[in-house]
Each structure stands twice: as structure tokens, then as C-alpha cells.
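Top line first, the protein sequences correspond to chains A and B.
With the numbering used here applied, the first sequence closes on residue 162, and no number is skipped along the way.
With the numbering used here applied, the second sequence closes on residue 347, and no number is skipped along the way.
Worth flagging that the hints you see were computed from the coordinates, not collected in a lab.
Idealized CB from N, CA, C, for every residue including glycine.
Some hints could be false.
Stated by the list, open to error - Chain A is faced by these chain B residues, among others (derived, beta-carbon under 10 Å): (1) 215; (2) 248; (3) 255; (4) 257; (5) 276; (6) 299; (7) 308.
Unchecked claim - Facing chain B, a subset of chain A residues (Cβ under 10 Å, in silico): (8) 63; (9) 97; (10) 132.
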Amino acid sequence: MSSYIRIASQTLSSGQSSITFSSIPATLNGKTLRDLIMVCAVLPGGNDSPAFRINDNSSFSRVSMNGSGSTAASNSTADESFAFLSFPSFNVTTSDRYVARIEFLDAFATDKHKAVLSRMDAATVGTRASAHRVPTTSAISSITLWMNSAAGSTFSLYGIEG
Amino acid sequence: MIPLGILASAGAAAPAGAFELIQTQVISGDSTSSVTFSNLSGATGYRHLQIRASVAGTKTSNLPDLTMRFNGATTGYWDHTLRGDGSSVISGSVVTTATLYLGTMARTNVDSPSFAGHIIDIIDAFSTSKNKTIRFLGGHRFETQFIQLKSGLWQNTSAINSITLAPDLANFSNGSRFSLYGIKG
Chain A
1 MSSYIRIASQ
11 TLSSGQSSIT
21 FSSIPATLNG
31 KTLRDLIMVC
41 AVLPGGNDSP
51 AFRINDNSSF
61 SRVSMNGSGS
71 TAASNSTADE
81 SFAFLSFPSF
91 NVTTSDRYVA
101 RIEFLDAFAT
111 DKHKAVLSRM
121 DAATVGTRAS
131 AHRVPTTSAI
141 SSITLWMNSA
151 AGSTFSLYGI
161 EG
Chain B
163 MIPLGILASA
173 GAAAPAGAFE
183 LIQTQVISGD
193 STSSVTFSNL
203 SGATGYRHLQ
213 IRASVAGTKT
223 SNLPDLTMRF
233 NGATTGYWDH
243 TLRGDGSSVI
253 SGSVVTTATL
263 YLGTMARTNV
273 DSPSFAGHII
283 DIIDAFSTSK
293 NKTIRFLGGH
303 RFETQFIQLK
313 SGLWQNTSAI
323 NSITLAPDLA
333 NFSNGSRFSL
343 YGIKG
């Protein structure tokens with residue numbers, strides 16, 4: 001059986017401002033999970049700065065690299081209350097479509113801060129890659145996506161055996 | 163807010179064997195200078211390989227890089243890098259070196275208990291008619307901070323039988339983890 005296992009998926013039937021995956025299992029189908037991957041295909045429901053939180057943590061650090069089609073830039077933040085997938089100043093609008101892939105490495109480790117790699121791509125805004133640190137050694141049990149999303153947006157959570 | 167939990171579609175897997183764990187190695191102690199995945203000729207049911215890693219090194223000054231070699235070869239590695247350090251974006255390239263430099267690792271002396279995340283894709287790893295292409299995404303945000311995309315090349319058409327990962331100077335730190343996956347195609 002594959003080591004890449006779908007945990008849950010959802011296609012929105014109406015708009016939502018946030019989506020939560022809770023009770024995330026550390027084992028599934030007899031396999032011990034090590035990493036988590038979130039894949040999102042979003043129809044924005046309004047101007048937004050997409051972000052995520054894990055376990056209701058409210059302290060995140062990030063370093064990002066962004067290409068807008070005319071310039072490339074990098075910035076970093078410490079102790080943000082959300083893990084932003086894009087620069088807060090680069091808000092997506094309702095005319096945008098974007099996809100986000102968020103990789104949570106060693107998601108269930110209890111001796112490591114959480115290392116997260118994200119990619120966000122919106123054709124009308126730009127492309128971004130970010131490395132996030134969540135200063136918690138707790139296993140990830142929930143992920144909340146703060147994405148103002150319209151009906152038809154899809155969100156899928158996968159576990160990777162390791 | 164509607165909690166999605168793990169209802170309904172929980173446990174659905176990709177087609178059997180499409181993405182499979184081959185091996186995980188976790189470093190114990192601070193004296194390991196390299197990690198090798200070997201005997202990969204038996205893994206030729208796969209087309210591509212992926213390494214997922216959380217890495218830190220014992221190097222205390224400057225930035226330690228993770229390096230990679232195939233089949234023990236010490237020639238034919240090229241790469242292009244796009245890297246953000248929190249204030250600027252840097253692009254670089256290396257031609258025909260003795261090892262493939264991937265991304266920067268965390269440093270245990272200042273970053274513990276934080277590790278850098280690395281995802282390495284090796285495309286058509288077992289082809290005997292193609293040079294090997296590597297894609298890298300990695301980053302870390304603590305005292306050491308970076309986000310990096312890299313394209314690598316091993317200018318060799320041999321099927322990959324072994325992969326050796328090593329820190330650029332010093333050793334891997336306790337708890338560093340390397341998981342190798344085979345991907346069918």
C-alpha cells in the first residue's frame with residue numbers, strides 16, 4: 001500500500017473564512033505517519049492574506065521568497081500570530097485563483113520545533129516559497145487554514161509514512 | 163468554522179505502490195558524517211525518487227550545506243540556485259563540481275531544537291539514457307534562515323544505485339532524519 005495516504009478532503013459548497021482539520025491521526029491504515037501535506041485550490045471569497053495555524057499556536061516565524069513577474073524579493077518575520085503563505089501586503093482578490101501546498105515535516109515529533117515548507121502560486125499575483133518555524137514540540141493534531149474561500153474551493157490533507 | 167476532522171474520506175490511499183517508503187534513517191548522536199541509501203538497483207520498479215529530510219549539522223560557524231553524490235561519483239555535478247535570506251534574493255550556479263550542493267542545514271549550536279526542512283526529487287533516477295535531474299526545495303527560519311529552490315544535474319546516464327548525503331564539513335546532528343521514497347511512473 002502507498003505511503004502517501006489521504007487523511008481528509010473537502011470541497012466547499014459555500015463560502016468559508018477558515019477551514020480546520022482536527023483530530024489528525026499519527027497512524028493510519030497501520031502506517032506510522034511522519035509528515036503531513038496540505039494541498040489547497042482556492043477560489044478567493046474576498047481580499048485575503050492566506051495563512052495557517054497549527055494546534056492553535058499563535059507564534060510563527062517565516063522567511064519567504066517572492067516573484068511578482070517583475071521583481072524578486074525576500075523577507076522574514078519573527079513571532080507573527082499567523083503563518084502567512086504570502087506577504088501580507090500581497091493580498092489576493094476575488095479575481096485571483098491560487099493553489100497552496102504546505103509540507104509539515106516531522107509533524108508528529110515531540111522533540112523538534114515544527115519545520116514547514118510552503119509554496120503559494122497565484123497567476124495574477126506571483127509565486128512564493130516560504131520556510132516556517134513553529135516553536136512547539138507538540139505533535140500536530142489540528143491545522144486551521146485562514147483562507148477566505150468561495151464555493152468550489154478544495155482542501156486535501158495527506159499523511160506520509162516515514 | 164466547520165471542523166473537517168477526518169470524516170468520510172479518511173484512509174483513502176493512492177494506487178498501491180505509487181509512492182512508497184523505501185527506508186528512513188535517523189541520526190543518533192553527533193558523530194555521523196554521512197548517510198547512504200544503497201542497493202537501489204532493486205528499487206527499479208520505481209521511476210523517480212524523493213528524499214524528505216529534517217536536517218541539522220554540528221558546524222558552529224558559517225552555514226552548513228547538505229551535499230549529495232550518486233554511486234560514489236565525484237564528478238559531473240551542476241546546479242542552479244535561487245535563494246532568499248530574508249532580505250535579498252540571490253541566484254547562483256556551479257558547474258562540474260565533485261559534489262552536488264543542496265540546501266543549508268540548521269546549526270545545532272544556535273538553532274536547536276529546530277531543523278531545516280529539505281525535499282529532494284530525483285527524476286528518472288533509473289534511466290540509462292538520461293542524465294539525472296534533481297529538484298530541491300528547502301528552508302529554515304531561526305538563527306539560520308533561508309528559503310531555497312535548486313535545480314541540480316548529475317551528468318551521467320548510469321542508473322542510480324546509491325545516494326550519499328553528507329554535511330559540508332562537520333557532522334549531522336542527533337535527530338536529523340532522511341526518508342527515501344520510490345515513485346512509480
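We went through each hint and held it up to the structure:
1. 215: 8 Å, holds
2. 248: 3 Å, holds
3. 255: Violated - the Cβ of residue 255 (chain B) stays beyond 10 Å from chain A, reaching only about 16 Å at its closest.
4. 257: 22 Å, violated
5. 276: Hint on residue 276 (chain B): holds, closest Cβ of chain A at ~4 Å, below 10 Å.
6. 299: Constraint on residue 299 (chain B) satisfied, holds at 6 Å.
7. 308: Since the shortest Cβ distance to chain A is 6 Å, the answer is holds.
8. 63: Holds, because the Cβ-Cβ distance from residue 63 (chain A) to chain B comes to roughly 4 Å (cut-off 10 Å).
9. 97: 21 Å, violated
10. 132: 6 Å, holds
This entry does not satisfy hints 3, 4 and 9, going by the numbered hints stated previously.
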